[in-house]
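Heads up: the protein sequence lines correspond to chains A and B, in order. Going by our numbering, 155 is the number at position 155 of the first sequence; the sequence numbering is gapless. Each number in our numbering corresponds to the 1-based position in the second sequence with 200 added.
What the hints contain is simulated information worked out from the structure, not anything from laboratory work. C-beta: ideal position from N, C-alpha, C; glycine also. Careful: at least some of the hints might be erroneous.
[As the list claims (entries may be wrong)] Within a straight-line C-alpha distance of at most 20 Å, the following computed EDC-like cross-link-like pairs (lysine to aspartate or glutamate) qualify:
no.	chain 1	residue 1	chain 2	residue 2
1	B	Lys628	A	Glu142
2	B	Lys425	A	Asp75
3	B	Lys630	A	Asp66
4	B	Lys425	A	Glu142
5	B	Lys630	B	Glu444
6	B	Lys630	A	Glu69
7	A	Lys91	A	Glu161
8	B	Lys628	A	Glu163
9	A	Lys70	B	Glu424
10	B	Lys628	A	Glu101
11	A	Lys91	A	Asp75
12	B	Lys628	B	Glu424
13	A	Lys2	A	Asp66
14	B	Lys589	B	Glu445
15	B	Lys425	A	Glu101
16	B	Lys443	B	Glu399
17	B	Lys628	A	Asp66
18	B	Lys484	B	Glu445
19	A	Lys2	A	Asp75
20	B	Lys589	A	Glu161
21	B	Lys487	B	Glu424
22	B	Lys589	A	Glu163
[To be verified] Residues of chain A clear of chain B, computed beta-carbon distances all greater than 10 Å:
no.	residue
23	Val19
24	Val88
25	Gly95
26	Val107
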Amino acid sequence: MKLNAKDIASGAFLVLLAVIGLWLNQEHALGSARRMGPGYMPMLVFWVLFALGAMVLVLGLFSGPDPLEKWTGRDILALVLGVVVGAVVWKVAPGFGGFFENTYNAVGIGMMVGFLVACISRGWALIGFICAAMCFFSLLLEQGGLMLSLVGTILIACTAEREHLQRPLGVLGMIIFLLALSWWVFIKQLDIRVAVWPQF
Amino acid sequence: MDIFANLAHGFAVALSFQNLLFALIGALIGTAIGVLPGIGPVATISLLLPITFGQPATTAIIMLAGIYYGAQYGGSTTAILLNLPGEISSVVTTLEGYKMARNGRAGAALATSALGSFFAGSCATLLVAASGPVLTSVALSFGPADYFSLMLLGLIISAVLAQGSVLKSVAMVVTGVALGLVGTDVQTGQQRFTFGIPELSDGLGFAAVAMGMFGIAEIILNLEKPEARSVLKTKVDSLWLTKEEWKRATPSVLRGTLVGSVLGILPGGGASLSAFGSYMMERKISKGRHLFGQGAIEGVAGPEAANNAAAQTSFIPLLTLGIPSNAVMALMVGALIIQGIQPGPRMVEAQPDLFWGLIASMWIGNVMLLIINLPMIGMWVKLLQVPYKFLYPAILVFCSIGSYSINNNVFDVYMTVVFAVFGVMCAKLKMEPAPLLIGFVLGPMMEEHLRRAMLLSRGDPMVFVQRPISATMLAIAAVALIAMLMPNLRKGKEAAMAG
């Protein structure tokens, strides 16, 4: 047997998605073929998805070999730690009150911490730093203002590329350029309603 | 003679100061991202979507269209000078174009590509103008069942022609349709799959899905690969073609225009498939076929004309039927819907400014691109020296601010992050994201047509095979699917995709 690990994983993911969808769809009225209820189309779609996912999975048993990228022990540890720590922070954060009770800030801090924790393994560092940078942006934007949150975002994003760490001057120049550009495009030209400087 | 009156109206719209300005901006951005490897039109258009909200619909579409066909011009510059495809559609240009540059004919290759693109673009624009009203009048006789089958056909063909496994592409289309289910059910007002989150009652944000899967995920994937951008050594000499080169390139441009125009209309076709198709054709039938591999001008002229022709004609299904044929067109549908315009056959009648203005602006845009690309080639060569490590923070910043500014809500930024992770996962598992985007856009429309068709037929599914138009569509879809299961044809497709 020549296992196609990529196809098997894709198939498993699609089947899982379909099962979750069908399970969630139980709360929607199906109606009849003539008068379709809100649950009719989801039922069709998720059953088709289930069938396709199963086909991908079964064919994947023979169409390989196409292995997944190697995961080191550290990668798995980092993923588990990231998810667990992120979830804990998300649940605990609102207890601190104030800032963390607002809108999506608890979710945001949970996601950011989770992504940063996952960066302890090299395999997750890129995705971790880039996503954490975006989370940082939305966490700080409404109270810290556009400029401050952008500086943080760019700094975190630059951590993803090792060459940037050796050339702090280049990063500084890029920050100044991007701040000026964002201000000109989004504030001056498009006039989006967002604070530019920190709000106290 | 109606078409000329309409075109004149279109030029009046396209020549307004604002529309000219944004056609130019689109052409400039398109050339820039075309020149730069690592960022393509799908990512760029998705991250510029939020910016277009404040503009009138016509201006927005003119700019976004300019980015798409502008990228076809820009991509060839990198292909010829650096042997790197700036865009996927210019992969085949690297084969002969770079050889020409090494033979000291870089200028001639660049000129052929720009002039060929311009000629093809002009012809294709005329084709869009001529076919638009005809197809629209046909489409107006479509019932809901026909529409449903047509969309199904579009989805299946786009999956069949997508890169990689057909089965997985079909599965990705269905995944996209599934994601499109999130939100309020139009007929009963019930919330579906929203988990009680108020932001999801309007459905998953189109821009968040597109930006996450194409903008941010691409940054992560690009950073994983070490940057392979060699220092520029080729000097660009005179841009003039010799008499012999003219003679060899002209028939190739004509053939490329034809191939590109036809393949561009097909769902899932678009620029890259056309370029491959034209290259194959030139290698088989052109007079200079024995010179292929040593810098044959035919191998530049044909594919470059084809990819630009296709970039224009791929607007035909969108503008006349409301059906996107590739990922870029799916983004256009998104942009139109955000503007409150439902794409479909009624658009030509209801939005003459948009339809004819866009066609006129395509031609104007092609003129601008010719000027932008030929005399100003030096500027773009300089741009090539900007390394990706300075580029990706800029993309990230634009995506962050852009996704926030859609609803002035941080929720959209977090959704973008979620889809970025999903996009990276898809890439690692070799699941194509483009079919997903098309399914996501078409899903809600399909549900509506399905419900209407079944209501009209009193719940009898036979309506889909009883109506002749619908039955034809389904038959073509079935044939396309079966054809791809044949080993010979599949190998042919794989060879074409691999270049």
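Tested hints:
1. For the hint linking Lys628 (chain B) to Glu142 (chain A), the alpha-carbon distance of about 35 Å lies beyond 20 Å, and the restraint is violated.
2. Distance restraint check for Lys425 (chain B) and Asp75 (chain A): the Cα-Cα separation of roughly 19 Å lies within the 20 Å cut-off, and the hinted pair is therefore satisfied.
3. Annotation: proposed proximity of Lys630 (chain B) to Asp66 (chain A) holds, straight-line Cα distance about 10 Å (limit 20 Å).
4. Simply put, Lys425 (chain B) and Glu142 (chain A) have alpha-carbon atoms about 35 Å apart, too far for the 20 Å limit, and the pair is violated.
5. With a C-alpha separation of about 45 Å, the suggested pair Lys630 (chain B) and Glu444 (chain B) falls outside the 20 Å cut-off, and the hint is violated.
6. For the given pair, Lys630 (chain B) sits about 12 Å from Glu69 (chain A) by alpha-carbon distance, which is consistent with the 20 Å threshold.
7. With a CA separation close to 32 Å, the supplied pair Lys91 (chain A) and Glu161 (chain A) exceeds the 20 Å bound.
8. Of the pairs offered as hints, the one joining Lys628 (chain B) and Glu163 (chain A) is violated, with about 25 Å between alpha carbons and a cut-off of 20 Å exceeded.
9. The straight-line distance between the Cα atoms of Lys70 (chain A) and Glu424 (chain B) is roughly 15 Å, inside the 20 Å bound, and the hint therefore holds.
10. Of the supplied pair hints, the one linking Lys628 (chain B) and Glu101 (chain A) is violated, its CA atoms being roughly 36 Å apart against a limit of 20 Å.
11. At roughly 24 Å between alpha-carbon atoms, Lys91 (chain A) and Asp75 (chain A) are farther apart than 20 Å, so this suggested pair is violated.
12. For the hint pairing Lys628 (chain B) with Glu424 (chain B), the CA-to-CA distance comes to about 12 Å; that is within 20 Å, so the pair holds.
13. Between Lys2 (chain A) and Asp66 (chain A) the CA atoms are separated by roughly 8 Å; this keeps the pair inside 20 Å, and the hint holds.
14. Pair hint Lys589 (chain B) plus Glu445 (chain B) does not hold up; C-alpha atoms about 39 Å apart against a cutoff of 20 Å.
15. Between Lys425 (chain B) and Glu101 (chain A) the alpha-carbon distance is near 40 Å, which puts this suggested pair outside the 20 Å criterion.
16. For the proposed pair Lys443 (chain B) and Glu399 (chain B), the alpha carbon gap of about 63 Å is over 20 Å, so the pair is violated.
17. About 11 Å separates the Cα atoms of Lys628 (chain B) and Asp66 (chain A), which keeps this hinted pair within 20 Å; it holds.
18. With a CA separation close to 19 Å, the supplied pair Lys484 (chain B) and Glu445 (chain B) stays within the 20 Å bound.
19. Under the criterion of a C-alpha separation no larger than 20 Å, the hint pairing Lys2 (chain A) with Asp75 (chain A) is inconsistent with the structure, at around 26 Å.
20. With a C-alpha separation of about 7 Å, the suggested pair Lys589 (chain B) and Glu161 (chain A) falls inside the 20 Å cut-off, and the hint holds.
21. Our distance criterion of 20 Å between C-alpha atoms is broken by Lys487 (chain B) and Glu424 (chain B), whose separation comes to about 43 Å.
22. Note on Lys589 (chain B) and Glu163 (chain A): the hinted pairing holds, with a Cα-Cα distance of about 8 Å set against a maximum of 20 Å.
23. Even its closest Cβ contact with chain B, about 12 Å, leaves Val19 (chain A) beyond 10 Å, as expected for a residue assigned away from the interface.
24. No Cβ of chain B approaches the Cβ of Val88 (chain A) within 10 Å, the least distance being about 18 Å, so the stated non-interface status holds.
25. Remark: the non-interface label on Gly95 (chain A) is consistent with the geometry, its nearest Cβ contact in chain B lying 21 Å away (cut-off 10 Å).
26. At roughly 6 Å, the least C-beta separation between Val107 (chain A) and chain B is not larger than 10 Å, which violates its mark as non-interface.
When each numbered hint is compared with the structure, violations occur for hints 1, 4, 5, 7, 8, 10, 11, 14, 15, 16, 19, 21 and 26.
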